[in-house]
Every structure is written in structure tokens, then in C-alpha cells.
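Student: Chain order of the listed sequences is C and B. Per this note's numbering, the very first residue in the first sequence carries number 4; after that it's consecutive. Per this note's numbering, the very first residue in the second sequence carries number 229; after that it's consecutive.
Do not take every clue at face value.
[What the hints assert, rightly or not] Residues of chain B placed beyond 12 Å of chain C at every Cβ, according to the derived structure: (1) K316; (2) G352; (3) W379; (4) D399; (5) N403; (6) S440; (7) V649.
[Said to hold, decoys possible] Here are the simulated PhoX-like pairs of lysine-lysine, each with C-alpha atoms no more than 25 Å apart in a straight line: (8) K81(C) <-> K436(B); (9) K393(B) <-> K436(B); (10) K169(C) <-> K285(B); (11) K157(C) <-> K91(C).
[Stated by the list, open to error] Listed below are several chain C residues computed to face chain B (Cβ distance under 7 Å; list not exhaustive): (12) D18; (13) N20; (14) D46; (15) N66; (16) A94; (17) R95; (18) N100; (19) N136; (20) L138; (21) S144; (22) K169.
Read the hints as simulated data drawn from the structure, not as lab findings. Ideal placement from N, C-alpha and C gives every residue a C-beta, glycine not left out.
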Amino acid sequence: MKLTSNKLWIFQDDDINTDVIFPGRYTYDPLTPEQMATHAMEDYNPNFAKEVSEGDIIIAGNNFGAGSSREQAVTCLKAAGVSCIIAKSFARIYYRNAINEALPLVISPECSNLILNKKDEYQNEQITVDFDNGLIKTKDSEFKFPKLDEQALKIFQAGGLVNYTKERLKEKI
Amino acid sequence: MNGQTLIQKILASASGKENEGVAENEIVFVSPHMILSHDNSAAISKTFYKITGPNGKVWDPNRIFIALDHAVPAPNAVQADNQKLVRKFVQDQGIKNFYDGGTGICHQVLPEKGHVPPNIVILGSDSHTTTHGAFGAAGIPIGRTETASVWAIGQTWLKVPESFKITLDGDLPKNVYSKDIILEIIRQISAAGATYKSIEFYGSAVAKMSMSERMTLSNLSAEMGAKAGIFPVDNVTDKWNKQFGFKYDRISADEDAIYEKTINLDISNLTPRVARPHKVDNVVPVSDLPKTSIDVALIGTCTNGRLDDLKIAAEILKEKTIHPKVRMFVYPASREVLLQATKLGILENFIKAGAQINVPACGPFLGAYCCCISGGEKAISSANRNFKGRMGSKEDTGIFLASPATVAKSALAGFITSEDV
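So here's chain C without its partners, still in its complex pose (with noise of 0.2 Å):
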């Protein structure tokens, strides 16, 4: 699998937690992931929800959706179009929910400072992530990512975890 990027979304916050992303005022609201799509980033950047389309990769610092497990904080970006998400770091009930929700997160400390501390001039920028190979392109550099646990991957591969334990139950019978 191979994206290339349409708008880069650079947030250069540490810490951004699922609160911001996505608020709890409507954690327990029946929404469907379109109507999540609305609500995202609320908190953090009104005008994202608005803005957002297919294909934006978000680049971000440490500890990327820190806070509440609540998994739409995944389902909402995925929703608004977003199609990875590079970080310096993620909370580790946001990476397990993203690879359940099958949205490809990528840790990329190196990426992330270089755009992070030149976001002017990587903001109209295009970049390619190349899950096969693990490997990042900016317009003038490279960086390698590490990829997917075994496990993890069989999970991402199957489109998320409903797909990948529907399966299982097949083959229990």
C-alpha cells in the first residue's frame, strides 16, 4: 500500500488527547462516523472539520491521542477523510484502536520534527508513505519507519478487527 498526501494538517502539539479530537460532550450521542466526521478536532482546531478532505495526512508530535480510550477519536478522522497519521509518538490505546479501525498510523520521530519545525515551508508540500517498505518521502528527504507487528498487520490487513474476528469465527465452526 502506497498514499500520497493531498493537504498535510501539521499539529505541533506533544500530548494532543482524545478530548480535543474528539469531545466527550458527545462520546455517549448514537452518531454515525459521518456525523463523528463533524465533531473532529473540535477542540483543537475548529476550522479542521470544515477544511479536511480524502486523502490529508496528519503529522503530529509525542504521545498523539493521549487520554480517554474512546475509539472515536479514530472513527472520526477516518470519517473526515484523513489517511494516515505520522507522529513522533502515540498513546497506546489509540494505536490498538486505530489498527481496529484499520486507519494506518505511522511513528516517524524524524519525519515528524523535520515538517514539525519547518511547517511553513512543508505545509503545500506533497509527501508519499510506502507501507510496503516502511518508507517515507518528503520532497527532499527519506525516512524509514518501522512496520506493523505481525499480529497487528494480519488485523490491519483484514480491514480492522471486526473483519479480522469475523473471520476467526468462520473457521471456529
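Assemble chain B onto chain C, guided by the hints.
Tutor: The following block gives chain B in isolation, referenced to the frame of chain C:
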């Protein structure tokens, strides 16, 4: 293989590898002793049927725990519908451990009802599932889809984490509490500093801590990113377990177990701490804070809503009146806590001081329901998160986290203080 840490031993046992042991970073398949969820069970049940089809059955109705605790009593028809869906699911699936609204917060009710023996794995669709480490279990938080998957198939994969060893020695000074200890630890480790790690707590100060105080530490381990925060079983745990008649062996980490990080803290000189907006690791001594007026003071949550927390706050409020510009809300963590607080006259102190007593629940602390603050307002709270918007307003000017004692003293003063007013 090197000596095994507590989490290695617990995960080895939960994955059927007691004899050979498990290595750090190894992937293991674990079947939980119990899997916990709350109001989110409505959404989880929908995902469950997506996996299994409309006639699907859960893998084991005895090992699923559901407590309605976030938006209770239902504030509107949408939430009432949600909760109806959960009750129907519980009935259809024959789920044994269901606790309806008013019983209390899941992390309080689970151990209170005797569902947390030592040495086992609790999975939970709530980030504060780490709380159950206080009982010598591995409480590991997961998300909604994963919970639905475990309901269907009875297991999930876990990576065996590296561990941190935190040793606490000394005696707590007067007016300093377990909340202050863990806020200081979070300041030192940072909000991301224990991501993916399991924390083990040791030391002479730990031996003196009650189960409730330990729960505060395990609970807030989540705010350093930890996968688990475990207290090895000791005499205090054994005493608590007697009421449930659990049979177990005491397990302990091997002497040659390897820890990625070791932290030693002498708590004898610790002073009251406060986490400033909008991050839990933004911690300073309360005395370093410039004069900060507050609009709301909160006692409650799975972090600090237990009987000892209420008792400490009520003693401070006794025969006093809260500041006229402060609204104070009290949320007992469970019906049992509420009952005991009633019997002991604790509630009377709160009520006479002008505080508002609420149904045992956690909802207000995530801005989903009830006791929200308005734009431009500040709150002091005994909760676990001070993220922007956490109490309902994205224009809040700050949620400050502190011990129940500091919350009570601040409610009297009208500004944040740990001094007697």
C-alpha cells in the same frame, strides 16, 4: 530467560504459559478473567452483532461486567434509549454482572462486588481500567471494537510490556495524600513517559497504604500512558480479599527481574500538589500557584470519590460554609460509598456547607452530562483529567486537579489553596 516482572507473570498465566514464562515484547493471546464496559456497551453491542451476525452469543456471560455510570440517570431520551439497548443486550445474552445506573462507577463497583482477585487480567473499555492494579491484577484498557471482539471470541493479543519500578518510602506529612504522591510521580515521568509500560509500586510507604489509596495511584497511572499500574499482593490486599474468600498464591516479581526505569521517592517532605490546565503532568506545589479564583469545586470520580476521600473533605467543611461564589458538587463513587457516607454523617457536613450531592456516577467529569462549567470559568477537581473541554466548555479557562483535601479547602476559600482557611 531473565527474571520475570509482575506483568510478565500475570500475562504468562493468562496466556497458558506459566511454565515457560513470557519475554518482553512477545505477543501473547490472553483470555481475561473479566471484561468491563459501561454506557459504551450500547455501541459495543452494535459492533458485536456486526461481528457475529444478529443471532450471535457472547463467549462467556459470566465474564462480562457492565455498569451504567457515565450518563445516569439518563439526562435525555437519546441516553435513555442507549441504556435500554444495554439492558436488552444484558437480558438477551444472560450477562451475569450487570449493574444499573446508581450502583456506581465501574472501577469502584468491580472490586467492591468481588470481581477482582489477584494475579488475573481485567480488560476494560475505559482508559482507567488500570485502577484494578491496586488489587494485584493487571487492569488493561482497550477500545470499543476490541471489547466487542473479546465478547465474541474470548481473547485478544497483548504485547508483553517493559516495566517501571516505583519505590515509595517515608511517612506522608499531614495534609498530604496519595493524590499528591501520584501527581508528583506524573510530573517526574510526564504524560507520555510510561507509554506502553507496566508500573509496579513498592516501598515502606506502600505497605501503609489502604486499598483506596492504592486505587488512586493505579488509576492515575493511565495519565502517564501506562498499560498497567500494579501493587504486589501484601497483607493489606489479603485483608481486603478475605470478604470474598478468594483462593490464590501470592506472586511476586523475581529478584533478578529487569526494570527499564527505577524511581525512588521519599514522600516525607512532599507538599500538596496541583495539576494545572490543560495537562495532567503540568504539576506544581499548590503553594507555587498564583492566587487562582475558582467557580466550581468537585469531589468524586474513580480517582477520588471513595469513603476516605469524602471523609477527609467533609472533616474540612464541618461547621463551615463554602465560599458564596463557588458551586461544590459531590459524587460518591458508588452506592456503597454513599450509604456509608450517610451512616457516618459525612453527607450532613457537605449538605450543611452548601455542597450539592449527586447520584454515584462519573459522567460530569467528561463534560458529557451534568455539572458542566461555563466559558471563562475555572474548576478545582479531585478527578483525573484537566483537558480542555473536559467539563463541557471548550472556552473553560482551566480545570485544576488536586486531592480532596485541597478541593475542600479551596471551596471554602474561593481560590485554590491547601492551607486551612
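Student: Give a verdict on every hint.
Tutor: How the hints compare with the structure:
{"no.": "1", "hint": "K316", "verdict": "holds, 14 Å"}
{"no.": "2", "hint": "G352", "verdict": "violated, 8 Å"}
{"no.": "3", "hint": "W379", "verdict": "violated, 10 Å"}
{"no.": "4", "hint": "D399", "verdict": "holds, 33 Å"}
{"no.": "5", "hint": "N403", "verdict": "holds, 29 Å"}
{"no.": "6", "hint": "S440", "verdict": "holds, 23 Å"}
{"no.": "7", "hint": "V649", "verdict": "holds, 32 Å"}
{"no.": "8", "hint": "K81(C) <-> K436(B)", "verdict": "violated, 48 Å"}
{"no.": "9", "hint": "K393(B) <-> K436(B)", "verdict": "holds, 18 Å"}
{"no.": "10", "hint": "K169(C) <-> K285(B)", "verdict": "holds, 13 Å"}
{"no.": "11", "hint": "K157(C) <-> K91(C)", "verdict": "holds, 24 Å"}
{"no.": "12", "hint": "D18", "verdict": "holds, 5 Å"}
{"no.": "13", "hint": "N20", "verdict": "holds, 5 Å"}
{"no.": "14", "hint": "D46", "verdict": "holds, 4 Å"}
{"no.": "15", "hint": "N66", "verdict": "holds, 4 Å"}
{"no.": "16", "hint": "A94", "verdict": "holds, 6 Å"}
{"no.": "17", "hint": "R95", "verdict": "holds, 5 Å"}
{"no.": "18", "hint": "N100", "verdict": "holds, 4 Å"}
{"no.": "19", "hint": "N136", "verdict": "violated, 23 Å"}
{"no.": "20", "hint": "L138", "verdict": "violated, 23 Å"}
{"no.": "21", "hint": "S144", "verdict": "violated, 25 Å"}
{"no.": "22", "hint": "K169", "verdict": "holds, 5 Å"}
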